[in-house]
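One-letter residues, chain by chain:
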Amino acid sequence: MSYLESTVKHVPSGFRKILYLNWPLILLLAAVSGTGFLMLYSVAGGNLSTWAEPQMKRFGVGLALMIAVGLVPIWMWRNLAGVAYGVSIMLLIAVEFFGATGMGAQRWIDLGFFRLQPSELTKITLVMFLAAYYDWLPAKKTSRPLWVLLPILIIVLPTLLVLRQPDLGTAILLLAAGGGLMFLAGVHWAYFASVIAAGAGLIAAVFQSRGTEWQLLKDYQFRRIDTFLDPSSDPLGAGYHITQSKIALGSGGWTGRGFMQGTQSRLNFLPEKHTDFIFTTLAEEFGFIGGISLLTLYALVIVFCVVSAVMNRDRFSSLLTLGIALNFFLFFAVNMSMVMGLAPVVGVPLPLVSYGGSAMLVLLLAFGLVQSAHVHRPR
Amino acid sequence: MRRSRAEKEAIHGKLSRRAILLGGAQLLFMGGLAARMRYLQVDQADQFRLLAEENRINIRLIPPKRGEIFDRNGVQLAQNVPSYRIVMVREDAGDVEDVLDRLATLIDLTPEERADALAEIKRSAPFLPVTIAEDVSWDAVSAVSVNAPALPGVSPEVGSTRVYPRGSDFAHVVGRVGRVSQKDLDALEDPDAVLRIPRFNIGKINVEAREEDLLRGAAGTKQVEVNATGRVMRELSRREGQSGADLQLTVSAKLQNYVQARLEGESAAVVILDCENGDVVANCSAPSYDPNLFIGGISSKDYDPLLQSKYRPLVNKTVQGAYPPGSTFKMMTAMAAIEEGIVGPDETVYCPGHLEIGGRRFHCWKRAGHGWVDLETSLKRSCDVYYYDLALKVGIEKISAMARRFGLGERHDLALSSVNSGLTPTKDWKLQNRGESWVIGDTVNASIGQGFMLASPMQLAVMTARLATGRAIAPRLVKSVNGVEQPILGGGPLGMNENNLRKMRKSMYAVVNDRRGTAYRSRIIADGLRMAGKTGTSQVRSAVVNNNEVPWEQRDHALFVSFAPYDNPRYACAVLVEHGGGGSTAAAPIARDVMLQALYDGEPPLEAYPTADRARIKIQQSRLRDVKPQARIAKGKDQA
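Going line by line, the protein sequences match chains S and B. The opening residue of the first sequence carries number 1 in the working numbering; numbering runs sequentially from there. The opening residue of the second sequence carries number 1001 in the working numbering; numbering runs sequentially from there.
So here's chain B without its partners, still in its complex pose (with noise of 0.2 Å):
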């Protein structure tokens, strides 16, 4: 195109004049640029980069390791055992379906748990394991090893299980684990951050849930750098946690696996005090039930029989449990009468086989009666009209003061779940309560340990260490923490007659050594070790039948209460057979059965049982040899 200079000149001039234009435009927008660049980097800068410091650093707990539990002899009772499961992680699977495939032929992988996995691994971020399978033996951890290559993405991991070695000897006593429920959290006003780590465990029962803050321990934290899609990149800092303290309970696992085999069959509960300290030295409710079930969750299978059972195995009958004490109080209707002053220890009383008051007739539970009897006679032949008589004379409200004294009706501070406060009634207690006034027959049903009254074995064996000892003594089950003696609760004067207390011990002696006392079948024969003790039968129903003629369910308690040696008392027991029929039948065999192997150690010599009853030991003892031992695992741990 050919081009006059003039018209070159006006194009130029015009195209220089639009460059100028558009590129001042250009650079004034370059300044607009800058503008936003010092808004940004210089007048909000801070407020960035505190964003970005949340941005990046990520604050992850690190679970502290629960503390054990140990006996008094260091016998593992719950620990901390490494559980491997099979992790994997997507970004580095390749194949997911393939390679789960692989998988389910080396390890039990059912159809749901596939698929539950395959969900699982599809909703999370591809570079976080996904657990396909829990709890998974060592011979799948091998398997999954060896078989590496085939199966990319896939790894073991050691996670930390909780175990109770002893089994179900414990499972009133140390309790067990379970997963935090949104229940435990509400509980708590301000809840520890660990909790809220997913599968995290916290004591759900006795010693495990009493315990759980000496237990946990603190959890430790890292700061990690996160990058955007929560990879960590790497570890900034670490602050470890705190262990969680190791705890020695006061009771002998050696104990507690016997009188657990000897309580078989039964729907019962023993408790054995040590009276120089009050260590609960066994703690059992029968049946038990196996703690370690429950770890990890339970299956209705194996729950639902739990729950249903009559025979409650999920109740810890020794401090939840509350039964009339029956003719077990009775000591406490002499210690107020003789201790007031009301009744000497030698007076008497004539027992027809009946006390009729204002009207009413109240039995012996012998019809033809026991005629003249002493405090001695009285205890030793367990005759009731003896303590109604001395009820009449000293009032309910002594007696209770005094049951009180002797730790009924207290709620002793134990490391358990639900410590039952039992019952010492008083006027006011049911004029509150039941809306009636007290009337004369709860004074003379309450002198026998019946009506209102209710005490738990662990009570009672409070009690008799009490009476045995003179001493307010205290139960105590948790001997150590972390090596650290705790303090032994109690155990001052009783501020009892010292006269009084050796006349009841000696009555006590005569129940059960005396040829006419009602625990004589179950005397101990080795010298040195006498027992003493008194039996109870506490009724559940008033009528009084044959205890064979009715259900189960109605059958009286039976109850023995006994220290050992009579000289010297070193061991108090309570035992409590439910629905079991009378305390000299039932339940004063297991208490001499239980004191004999608490005060031998171990297994005593026959030379211990009275003759008539070593042919039936004998074969007992074989019995309860056979009874599968738990594997001892104290090993290798620092013993506390």
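The shape of chain S in the complex, shown without the other chains (with noise of 0.2 Å):
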């Protein structure tokens, strides 16, 4: 392995990998969880034990999670992704049988102490998995057609048992996710080229199909596509929320109406205003200084994480760090797209602001791996 041989010397070991972490992104994600836990005491109506508090217990669970993860050498992650994976995709397959139902969909599996969600975990392991995939593969087969077809195949696998929950937006930002890492490991353009190509044409054919016998999708679903591209044709049905989360939006104004002040929030008008919708508060509360304040950071990630696999010479830590930097960016990209008008409203929250458990310690968990990278990384 030439790993091992190439780096296990340069590996810092003890106490000392402490001062290797990636201390800077550590500072970010707690500015934004901060900026979370500021959100939900507002929306709770300045109330600390609703959701803040619990929030914040996670966080702290989930931060010790994280550099225990990151004090474990990178190729001992490498070499359980293969497993990660296969465990994520029985878990799918096991909330088929004993998932919880919430909000209309199969999630869930109770484990009495927590809720765990396949799905939020799949996000990571998929791509855990991929970047062992091309870490072992040689790198002039990556663009042969059998060693694409085998990671679409990794890649299809979970979203197709994740649709069946049903949760489209997971299986979104999964196929997202997936596609990003084959763009990342040097997947030939013509591929993504065609697949663009072949999206479109399913596109329209779907489109085409409406009304006829062969109806790709059901009524509602098209309802749904009609309602994203036209929210005034229902105003008070799935329209609404999109109306509503302009209206607050678009309220707060440079400054934003001042922190606990939101009244559209504050009233209801926003469903799930402490999830999916939590940055419509941000946004009115705080206004587009807020907003801004809060992309900034999320940016920041990014570019940290961009930094940080560029600098690392191990295509595991480096496909797996930007991997995980992708999920983090659909995850708010899709949300934000989502509240200001720009996406169909999808079950996305917004990464370690909004409420939930799962999200936030498979995050973490996820910047965990980030931080082995970043520490076992040759120097």
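One or more of the hints may lead you astray.
As the list claims (entries may be wrong) - Partner residues aside, some chain B positions facing chain S, computed with beta carbon under 7 Å:
id : residue
1  : Leu1015
2  : Ala1019
3  : Gln1026
4  : Leu1028
5  : Phe1029
6  : Leu1033
7  : Ala1034
8  : Arg1036
9  : Met1037
10 : Leu1040
11 : Gln1044
12 : Ala1045
13 : Phe1048
14 : Leu1051
Calculated from the structure, these hints are not laboratory results. Quick reminder that beta carbons are idealized off the backbone N, C-alpha and C, glycines included.
With the hints as a guide, bring both chains together as one complex.
Right, here's the structure in full:
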């Protein structure tokens, strides 16, 4: 193993590892999470215990886990990638049978003390497994059809399982993250071009099929698309969320209405104000300045990850870091697009800010992997 | 996988390029998000801020308290009483069906009501209270309160209902309220928003309707913050409305009650005016009905009999009715003649029982004739020929003009619905409305209040009050508004020769107090309270047949107008008994009885009645006392 031979002697040991942690990244993540606590406190109407406190506890646990994961040598994680992927596939299958139903979709496995959301875990294990795959795959085979087909299968399997839940949002994120990783790994342009062309064709076919007997989407799904394209067509139904979100966001102005003064979000005009629509509250209460600040924090997280990845000479570490960063990006990009009326309403939380157990823990675990790659990079 | 250094460099180079490419794309996208955010929050902020306010603030109306209505002595005629209803809030109830079942064991809830309530609950927002039962008894409220733990989401609520404690006595004065109908809204150019509140009541007839603007008051508003589902989160501001004005009417509840009771069994109308200021102290139309039945909607079981009765209980006969005034009109013909100086009061006319005019024979009611009659005798004995003669000399225009000066043919501005203007015909009127020219026979008929001549009992009472005082008395029904005394309209001198008026009154005195007067049997004995009046019988059909031989609908209307005391007129009164027969037999006794009641402000002593009547009166009074008195509800209310 080239990696071990070349790196093992450079790996810092013991307590010194702590110094090598990507501290700026940790501070960024803490800042983002802190924003989350503030907003959860606000949307609970000034109540700490409703959402903010449990979220803080989770962050504490997650932070500790992140550092613990970060201190574990990266090669161990690489060796575990296949197992992790296998376990998440099994869990996804298990939710089919034992899953608790929430919001009309089967998503959780209730472990008693914790509600595990396998689809969240899958976002990370998929990236891990793909990174390990490309670390193992000889570079010249990267774009060969057979070796392109294999990662596609690796991506499609969990995607289909997540779609069955049904969780369209996560499924799209899995596809996007997997595809992004294949792009980073160096798969030829032509594949992506043809996929985009095929995708466009498929979308056309879907629209064409509307009203015919071979209709590809359910009626309500079509209606959702209509609503997205023209929210005013259903002002009290699905379009309502988008309209209300835009009103709340827009009424924030430059500096916002002030902390805890966001009337729109306070008055339940917004559904799920503590999860998917929390950015709206932030934008309403802290205005454009608040929104842009959070966006900047997110951008810096991405920048730090890319820098860490580029500095890293190890293929697995780089791909893993970039994959996790991409995942992170997709999270907040989709969420923000959604609340700003740029994307249809799909259930994607705002990373580290939205209230949610699995999402936060899994994200912090993922950044633990980024830390591990950072700490154990060849120097 | 063993890789050479060069291979590793190549891989890493490609990875870095693509990483930076992808990272750049991500940053570009974030730039797009920032631009979108700027567009929404900066460029369009004003617009969204406006939308946000609209979203958030809701203006709710607070229904005003409707003004209450009192009689001249502060007896309550229309009041607002708390009414209880049982409401249910779905989100608090849990198992709605189960709770409804439990509720049904406590209050009367028919299966239909239960089904209606259930449908309503399912239809409305989960946090909105839905009315399950309205106007429930206090017992039901207590039962619900006591069992509250077993009835989650169910609670009693207090509302306000209009109640008319004097019931049918005042249906034809106070009127009633009812739900706002689409017709009511259409009739208004700019309907008050409060009218659109569900279950809001407005005055439908009589004082309640005519004084609606005063009684309703102005709605208050409260600004409430609502959330997306309409639930009120908190009250932001509150502007109290203006309660409706309390009205004090000129009527006396006690007198009105007596008169209504006295009219029991008749289809009749009585108006009593105060000669001093025109106050309507009694305005009775019989039969009446209970306006309370209409509150919250009347059932057809209750309504159909009212609609179909030939006695027309829903019609306010005092002001809506228009009847030929019959012989009560003779004073007008006489006044026209003597004021014009065409005939003197003491000139006599020979009545052979009929008068031949243009080859047509006009009869006096007394076929045998009255012989030589002067003004007093003609009135006292109600000779028709005397007036035929006067009319021929004076002409219809002068007679009608005189009648109008006494308030006939005039639409008195009263706070009652459908005030009839009656009719004092002229030649032009007939030409325009009938397309025929006036003939002398019309004048002859008009002279004794027949033919085209029409008057309401109210107008006849006004006429009598003007005769009694010589002043242009105008009827007044609203005494004070929120304690502020209302102006007395009219009352100025009529401009008649006082001697002529005195002569007229003296003749009217004779009608009642002369042994040969038509109303002698209905005189008042008490000294200083003597009554003067005039009987009238208005023909419903032209053929002269005995009243007892024709069906009720074809019998003559009985009329009587009077004032008392003769020396110092205090009250003027008009009595109409539909199809009652002769004025002397059907109407005059009623007038005497009610006038005595008014003059004594309560039960008069038997000595005030003629000896022959006392036994009957005694029986009648005992019967009247048996009429269930209405509860007096005046206490606890600041008297206006």
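Structure-based check of each hint:
1. Because the beta carbon of Leu1015 of chain B sits about 6 Å from the nearest beta carbon in chain S, less than 7 Å, this interface hint is met.
2. Nearest Cβ of chain S to the Cβ of Ala1019 of chain B: about 5 Å, under the 7 Å cut. The hint holds.
3. At a threshold of 7 Å, the smallest CB-CB gap from Gln1026 of chain B to chain S is about 5 Å, leaving the interface hint in force.
4. Annotation: Leu1028 of chain B was flagged as interfacial toward chain S, and the flag is violated, the nearest CB pair being 11 Å apart, outside 7 Å.
5. Contact between Phe1029 of chain B and chain S, as hinted, is supported at the beta carbon level, the nearest pair being about 6 Å apart and thus within 7 Å.
6. Interface restraint check for Leu1033 of chain B: the shortest CB-CB distance to chain S comes to about 5 Å, inside 7 Å, so the restraint holds.
7. Taken as an interface hint, Ala1034 of chain B checks out: its beta carbon lies about 6 Å from the nearest beta carbon of chain S, inside 7 Å.
8. Restraint check, Arg1036 of chain B versus chain S: the minimum CB separation of about 5 Å is within 7 Å; hint holds.
9. A distance limit of 7 Å between C-beta atoms decides the matter here; for Met1037 of chain B the minimum to chain S is near 5 Å, and the interface restraint holds.
10. Against a cut-off of 7 Å between C-beta atoms, the interface hint on Leu1040 of chain B holds, since the closest Cβ of chain S lies about 4 Å away.
11. The interface hint given for Gln1044 of chain B holds, since its Cβ lies 5 Å from the closest Cβ of chain S, which is under the 7 Å cut-off.
12. Taken as an interface hint, Ala1045 of chain B checks out: its beta carbon lies about 4 Å from the nearest beta carbon of chain S, inside 7 Å.
13. Because the beta carbon of Phe1048 of chain B sits about 3 Å from the nearest beta carbon in chain S, less than 7 Å, this interface hint is met.
14. A distance limit of 7 Å between C-beta atoms decides the matter here; for Leu1051 of chain B the minimum to chain S is near 5 Å, and the interface restraint holds.
In terms of the numbered hints stated before, the structure departs from hint 4 and from no other.
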